[in-house]
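For reference, the chains in residue letters:
Number of protein chains: 2
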Amino acid sequence: MLQKIAIFGVGLIGGSFALALKNAGAAGHVVGVGRSRASLERALALGIIDEIATSAADAVRGADLVLLAAPVAQTGAILRAIEPALEAGTVVTDAGSTKSDVVQAARAALGNKIGQFVPGHPIAGSESNGPDAALPRLYAGKKVVIAALPENDERSLALVANAWRQCGAVIYRLSPERHDQVFAAVSHLPHLLAYALVDDIANKANADLLFQYAASGFRDFTRIAGSSPEMWRDITLANRSAMLAELDSYIAQLQRMRGMLAAGDGPALEAVFANARQAREKWIAAIESGTGTTAPQGGQQ
Amino acid sequence: MLQKIAIFGVGLIGGSFALALKNAGAAGHVVGVGRSRASLERALALGIIDEIATSAADAVRGADLVLLAAPVAQTGAILRAIEPALEAGTVVTDAGSTKSDVVQAARAALGNKIGQFVPGHPIAGSESNGPDAALPRLYAGKKVVIAALPENDERSLALVANAWRQCGAVIYRLSPERHDQVFAAVSHLPHLLAYALVDDIANKANADLLFQYAASGFRDFTRIAGSSPEMWRDITLANRSAMLAELDSYIAQLQRMRGMLAAGDGPALEAVFANARQAREKWIAAIESGTGTTAPQGGQQ
Chain A
1 MLQKIAIFGV
11 GLIGGSFALA
21 LKNAGAAGHV
31 VGVGRSRASL
41 ERALALGIID
51 EIATSAADAV
61 RGADLVLLAA
71 PVAQTGAILR
81 AIEPALEAGT
91 VVTDAGSTKS
101 DVVQAARAAL
111 GNKIGQFVPG
121 HPIAGSESNG
131 PDAALPRLYA
141 GKKVVIAALP
151 ENDERSLALV
161 ANAWRQCGAV
171 IYRLSPERHD
181 QVFAAVSHLP
191 HLLAYALVDD
201 IANKANADLL
211 FQYAASGFRD
221 FTRIAGSSPE
231 MWRDITLANR
241 SAMLAELDSY
251 IAQLQRMRGM
261 LAAGDGPALE
271 AVFANARQAR
281 EKWIAAIESG
291 TGTTAPQGGQ
301 Q
Chain B
1 MLQKIAIFGV
11 GLIGGSFALA
21 LKNAGAAGHV
31 VGVGRSRASL
41 ERALALGIID
51 EIATSAADAV
61 RGADLVLLAA
71 PVAQTGAILR
81 AIEPALEAGT
91 VVTDAGSTKS
101 DVVQAARAAL
111 GNKIGQFVPG
121 HPIAGSESNG
131 PDAALPRLYA
141 GKKVVIAALP
151 ENDERSLALV
161 ANAWRQCGAV
171 IYRLSPERHD
181 QVFAAVSHLP
191 HLLAYALVDD
201 IANKANADLL
211 FQYAASGFRD
221 FTRIAGSSPE
231 MWRDITLANR
241 SAMLAELDSY
251 IAQLQRMRGM
261 LAAGDGPALE
271 AVFANARQAR
281 EKWIAAIESG
291 TGTTAPQGGQ
301 Q
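Chains as they are written, first to last, in our numbering: chain A, 1 to 301; chain B, 1 to 301.
Since the hints were made in silico from the structure, they are not lab data. Treat the hints with care, since some could be wrong.
One copy or two, either will do: identical chains are not told apart, so a pair holds if it fits within one copy or between any two.
To be verified - The list that follows gives simulated cross-link-like pairs (lysine-lysine, DSS-like), each with its CA atoms no further than 27 Å apart:
1. K142 / K204
2. K204 / K282
3. K142 / K282
4. K22 / K142
5. K4 / K113
6. K142 / K4
Generate the whole structure from the sequences, applying the supplied hints.
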């Protein structure tokens, strides 16, 4: 039982964490902190939090666990604000989509308290946001990556991992750098590609005509272009070097395929398409059989 | 009432057309033709067709309407096979995803009977295929593009349009060239991009690790990479010049965004993301309000 939990950002991610722990009977008193008074009051009304903190320092004083679920660009400022009030027994974790930049900000803000900060990333979400989007089952069966630091002790790591397990999540381990490379490839780049396609079409002279004929394939392909521009600006910049490497790899792939197309090389195009379909079918089969969750590479705990 | 209908290809597209017309009481006798005897027998057993044709010529003799729903690369061969048996009152249409190449093949095969060929493209489908995937409601509320030729007379155009309307579809008109430009942008390019991403990841040394962390955003983005490689090879090659133009435009867009990323230009990236999200929301709102179907540009009929 975590007697006191402080949550910075009481929307979809932070709110669902609080609701899940409350449902599991694992949370005592939950204190919410945030920039929006309206969101905090809504979270209080919905029973997500038990108290609105009067200050960041008050929120963390005496807390067992602090979760940062605010936009990643605010990580440094929040950690600087709480550092003076951070007691030795308190563990801090976060839910940011990038990890190297978060670790850098945490080292700068926390100094010799860095061992109390356990970087995390729950692989769950939706296009909705705010306290009303929070769901007690959001993390059930989902992955949470813990990007442990050399300074983290076993107690801190176990406290964070156990909290997420009580939300129903499965814990994976990746280094912050490896985490950022992996998510650049399978999440951050696809977001950029979807935004790029919709913007490209929207800027054409005949955009209205083109959208007229866009159908369900286009809708699914571009669903992630409905995500928050501010959030994805921050993620893209925070993970800049890994993103540049993935983007260069993808542009080179498109140049190769452009060559096949220009040459009318049907067998080469079909080989790319068939390899992609086969890899995707294997991936979907692994997800559906559950091995995608229960037999991970890269370190499950 | 169409007394006799011949369908080349009795799978998802051709089978659904036959079922819809039968449900509407608009089809008399439906004859099926195809390369796979098993598919034809299955279509017969399912009541999609009433008869398996003994030859392409027999199938079209005396038919009111002939639908080509086989892969587009077979269009020329089928039209050459049926041309000698094509009577003056018979109208031929197709369901191919590209139109310029189909028109070219039809002109070569049909000669002075070209006016009897009305190019069409139903904007509907699914990842499933074969007679068992056929649904009488597949075309309900969906768009069908008719890419009329100067040689088509009003009777032929009306016969094809009315058949599709009896399937529940809404008729749009585009020239073959315009059709191919539009679908290169909103359908063919996204397919190539999705295949390209999955293949790019699958070829990396750490592909298994990467797929381990791919989640729902990746799944939707790459859904169309589950489509038939053979079919998309043919579409890509058939629409090569429009595809090259769209692919070059998209690569240039990625190069611009790469520059923003390398420069750490957050406002520029956010502007692209925000423009994309706004354009997509406007498009979704138009679909949901029905204006995407009922107030088209480009010529609704």
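Alpha-carbon proximity context of K142 and K204, limit 27 Å: between (39 Å within a copy, 25 Å between copies)
Is the C-alpha distance from K142 to K282 at most 27 Å within one copy, between copies, in both cases, or in neither? Within one copy only: 19 Å inside a chain, 32 Å across chains, cut-off 27 Å.
Cα distance capped at 27 Å. Does K22 pair with K142 within a copy, between copies, both, or neither? The answer is within: 18 Å in one copy meets 27 Å, while 46 Å across copies does not.
27 Å Cα cut-off: does K4 pair with K113 within a copy, between copies, both or neither? within (19 Å within a copy, 82 Å between copies)
Can you give me the call for K204 and K282, within, between, both or neither, at a CA distance of at most 27 Å? between (37 Å within a copy, 15 Å between copies)
Within, between, both or neither, where K142 and K4 count as close if Cα-Cα is 27 Å or less: Within one copy, since 24 Å is at most 27 Å while 55 Å is not.
Going down the numbered hints, you'll see the structure goes against none, and every one checks out.
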